[in-house]
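Trainee: For reference, the chains in residue letters:
There are 2 protein chains.
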Amino acid sequence: MELKVKRLHISSGGPLISVLNSEDARRLDLRALDRIKLKKGRKEIVTIIDITHDSYIKKGEIGLFEDVIDVFDVKDKEMVTAEHQPSPNSLKYIKKKLDGEKLTKHEIDEIIKDIVANRLTEIEMSYFAAGAYTRGFTLYEAAYLTEAIVASGKQLDLDAYPVLDKHSIGGVPGNRTTPIVVSIIAAAGFTIPKTSTRSITSVSGTADTVEVLAPVSHKIEKIKEIIKKTNACMVWGGALELASADDKIIKIERPLSLDPEGFLLASILAKKAAVKATHVLIDIPIGKGTKIEHIKKAKKLERKFEQLGKLLGMNTRVIITNGEQPIGNGIGPALEARDVLMVLLNKGPKDLRDKSLYMAGILLKMAGVKDGKKRAVEILESGQAYKKLQEIIKAQGGNPNIKPEEIKIGKFKYIYRTKNQGRVEYIDNKLLTRVAKLAGAPEEKGTGIYLNVHLKDKVKKNDILFTLYSENQSKLKYAVKEITDKIIIVNSKIIG
Amino acid sequence: MELKVKRLHISSGGPLISVLNSEDARRLDLRALDRIKLKKGRKEIVTIIDITHDSYIKKGEIGLFEDVIDVFDVKDKEMVTAEHQPSPNSLKYIKKKLDGEKLTKHEIDEIIKDIVANRLTEIEMSYFAAGAYTRGFTLYEAAYLTEAIVASGKQLDLDAYPVLDKHSIGGVPGNRTTPIVVSIIAAAGFTIPKTSTRSITSVSGTADTVEVLAPVSHKIEKIKEIIKKTNACMVWGGALELASADDKIIKIERPLSLDPEGFLLASILAKKAAVKATHVLIDIPIGKGTKIEHIKKAKKLERKFEQLGKLLGMNTRVIITNGEQPIGNGIGPALEARDVLMVLLNKGPKDLRDKSLYMAGILLKMAGVKDGKKRAVEILESGQAYKKLQEIIKAQGGNPNIKPEEIKIGKFKYIYRTKNQGRVEYIDNKLLTRVAKLAGAPEEKGTGIYLNVHLKDKVKKNDILFTLYSENQSKLKYAVKEITDKIIIVNSKIIG
Chain V
254 MELKVKRLHI SSGGPLISVL NSEDARRLDL RALDRIKLKK GRKEIVTIID
304 ITHDSYIKKG EIGLFEDVID VFDVKDKEMV TAEHQPSPNS LKYIKKKLDG
354 EKLTKHEIDE IIKDIVANRL TEIEMSYFAA GAYTRGFTLY EAAYLTEAIV
404 ASGKQLDLDA YPVLDKHSIG GVPGNRTTPI VVSIIAAAGF TIPKTSTRSI
454 TSVSGTADTV EVLAPVSHKI EKIKEIIKKT NACMVWGGAL ELASADDKII
504 KIERPLSLDP EGFLLASILA KKAAVKATHV LIDIPIGKGT KIEHIKKAKK
554 LERKFEQLGK LLGMNTRVII TNGEQPIGNG IGPALEARDV LMVLLNKGPK
604 DLRDKSLYMA GILLKMAGVK DGKKRAVEIL ESGQAYKKLQ EIIKAQGGNP
654 NIKPEEIKIG KFKYIYRTKN QGRVEYIDNK LLTRVAKLAG APEEKGTGIY
704 LNVHLKDKVK KNDILFTLYS ENQSKLKYAV KEITDKIIIV NSKIIG
Chain H
254 MELKVKRLHI SSGGPLISVL NSEDARRLDL RALDRIKLKK GRKEIVTIID
304 ITHDSYIKKG EIGLFEDVID VFDVKDKEMV TAEHQPSPNS LKYIKKKLDG
354 EKLTKHEIDE IIKDIVANRL TEIEMSYFAA GAYTRGFTLY EAAYLTEAIV
404 ASGKQLDLDA YPVLDKHSIG GVPGNRTTPI VVSIIAAAGF TIPKTSTRSI
454 TSVSGTADTV EVLAPVSHKI EKIKEIIKKT NACMVWGGAL ELASADDKII
504 KIERPLSLDP EGFLLASILA KKAAVKATHV LIDIPIGKGT KIEHIKKAKK
554 LERKFEQLGK LLGMNTRVII TNGEQPIGNG IGPALEARDV LMVLLNKGPK
604 DLRDKSLYMA GILLKMAGVK DGKKRAVEIL ESGQAYKKLQ EIIKAQGGNP
654 NIKPEEIKIG KFKYIYRTKN QGRVEYIDNK LLTRVAKLAG APEEKGTGIY
704 LNVHLKDKVK KNDILFTLYS ENQSKLKYAV KEITDKIIIV NSKIIG
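Same order as they appear, the protein sequences are chains V and H.
Here the first sequence is numbered in the numbering used here, starting from 254 and rising by one per residue.
Here the second sequence is numbered in the numbering used here, starting from 254 and rising by one per residue.
Where hints are given, some of them may not hold.
Identical chains blur together in the list; that is why a pair holds if it fits in one copy or across any two.
In the DSS-like style, the derived pairs of lysine-lysine whose C-alpha atoms are separated by at most 30 Å in a straight line are [to be verified]:
#	residue 1	residue 2
1	K552	K501
2	K544	K290
3	K312	K290
4	K349	K550
5	K563	K366
6	K709	K683
Bear in mind the hints are in silico, worked out from the structure with no lab data behind them.
Chain V with its partners taken away, still in its complex shape (with noise of 0.2 Å):
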């Protein structure tokens, strides 16, 4: 059938979908989600149909989405041959998980190519959820996973041995340990090739707060260079382009919080099997407010995690942390940063400078080095994990010379103080969270939260518990109608 193009100007954001008028799709015999086949002389694109009672769709004419448009370059009114396309083979695989049988390598890699290609629509996508939270992932399905995330995105060969490398769940405001590990790290001579996330629900994403030390954005070339230069980089990792699938399946688990162990594992190892990690160390912090509650469930990722890193060839090591309240002072990415850079010139937060170094040192043990904790404690207090930081910055375009007090901070503030003497009881992590965001972080980088207190902390009446910083007066104002007496961030309780 020939239909005319009609040009939508509206984006769906994902699945390459394409609007047809019901009596055309009658006359096709084809339902809404099902696909059809475009042809323009050589060119061809499969689309998802949807259908149309309206009539900003006519007979004749075909609704493309601009991301149609973007991969099919047809021009509005051009005619385009219209028929009738089977289904993915990769809905049968979803339907037998469903099912509740195991899927192989194939089906997998099947899945997920449809998936990164937008050749599913979300109800196909959201199935798959389903069925590998309903029905779980053998170990090695989810390593078949984990390898066609892999492949669905680049790699970082850097014929180098031992690579390190190492992650922190989420869920902790403030956790950055990952600049002082990786200068520790790269300082001892090792290969850390560091990738990270922009936050998504948090304050600020590792990503985020390396970017107010230097630019984050490189292409796989220059991380390699970076890498030559200094054993390391801390990078976004965007340049890999693994997050297709992982965002497109984040987006969909999250009306009701799904994420599936399966999905969680390859997710996490995918981004280091990436960058063909050798030796891999994960963070799991536990406690009210962190990813994984339960000490239990914690234990029993940490049993997956080490068994499918051995599978995907990884020594993989996982440490349970306490996650019950923020690590460091500062929360947001320049406020994060300053904590960093204090801790490297040993002057900053205890509890974020002893878990570097704790992390640290199990992973130069686990790459050989005999008393790993002590190798650790003297880099950092020899200057020579500063030095390493300044000289990553620089490889990274930033100014390696910069000092903790000169990195800019919101200037509109807000004090917090105690109502009654006391000790500081308990710390809403998500409450902290939504207020910083609520005032303009991640995007404003001199927004976010600095913290006086910590659990269990003696305060008198009046003592200041936290300062609110912002860079946007209006968005501070908006912020702080969040925190009312009622939900107060640091409940502090009378003592005698």
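Following the hints, complete the assembly by docking chain H onto the known chain V.
Mentor: Chain H alone, transformed into the frame defined by chain V:
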């Protein structure tokens, strides 16, 4: 936050969707598929948000689909207030089902209410279907679901006893027993308020076929009048408005052909409960190409129908019939209507007559008639059933005196003949259906297939196997292209 309405002139065909610019979304700490409440004066509406990074929705604007404009009566460029709205509780219940837990009546009610009111996205509905599919429903859950669907629509309160009803599960072309059974039952003095659907996947639905004889779309008050006059009706079920939840679920199930048993049971019995049926006969045809292909599954379904019917206060009986070939000779609205009239005039196809008498006999027996089958035959042979059909046609506004040969059949035709002498071994119901639909059925009432043979019939070379009729020459050509030598519709094997 204040936002300016941008009317999108596009309809989503379901979920209430508004589109935000990514900057505003960040500011409101919202992500795709979150909810916002929009207010304008006293009016308010909750919509699901989509986020665009393109420029077609600018900062400060909110794009509204037509579905939203229909409900939330605002104009292009008007200002509205937007605020974050928590997700509906039904999402928690859907997750509970995915986790394998049983749902309460209240929880199922909430889910169905939200589906009907377009408050759930297709992703979220898919999770519900996936939960139903992987975890199943208990009999009680299926009953709650049925009641929730009934409550979402209107009910036909007839103040009669008994109220008889029947239903055939689809997949068998030409299986048009309903008008015959209804005429017999009503002629016997029993109440049978039959509502039917139009075709979704078949060549003709009962409503499509009856419409050849009389109008089928009537308001609920008119339906009551028709029943008062005739004991019966044969109308399109749309008047009861039960379809909303059903249609939405059917749409999202299609890509994977999920059709969880609980939904099938509830969908069918809700239509019976809505007319307050007391005695219900369900026909499950089995055989290749039908909805329920295997006897084992049919038997299981039989038990569930009877149990669920009981729970809902309906005496429910199931018959499992042979569905491996079409019933009657005509397939398509007009050709089937001819068959129906012929049977009632005691000269129609024997298989259609036999099946109808069998079903009518059981229903009469269920209603307390001693030898139901014998009574059915008497009513048919004496012409009382035909007279009843005429009454119903008249009450519904049709011409009661129409003769079978006066029913118009498409004037373009294609005759399909045997190539060899042999015996009819196989009829591909799915291909027959596809071809008739491509030729224009059921929208064009005169389009369809007239079958000259049934399974096991002996044929000579060049005998007519079937004739394909169409109202439209180009559609006929298009349909004929599907009948290649390779996939022949009736496969005739040489004997001897």
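Trainee: Does each hint fit the structure? Answer for all of them.
Mentor: Hints, verified against the model:
{"no.": "1", "hint": "K552 with K501", "in the structure": "within (28 Å within a copy, 41 Å between copies)"}
{"no.": "2", "hint": "K544 with K290", "in the structure": "between (42 Å within a copy, 28 Å between copies)"}
{"no.": "3", "hint": "K312 with K290", "in the structure": "within (18 Å within a copy, 35 Å between copies)"}
{"no.": "4", "hint": "K349 with K550", "in the structure": "both (27 Å within a copy, 19 Å between copies)"}
{"no.": "5", "hint": "K563 with K366", "in the structure": "within (25 Å within a copy, 48 Å between copies)"}
{"no.": "6", "hint": "K709 with K683", "in the structure": "within (19 Å within a copy, 72 Å between copies)"}
Going down the numbered hints, you'll see the structure goes against none, and every one checks out.
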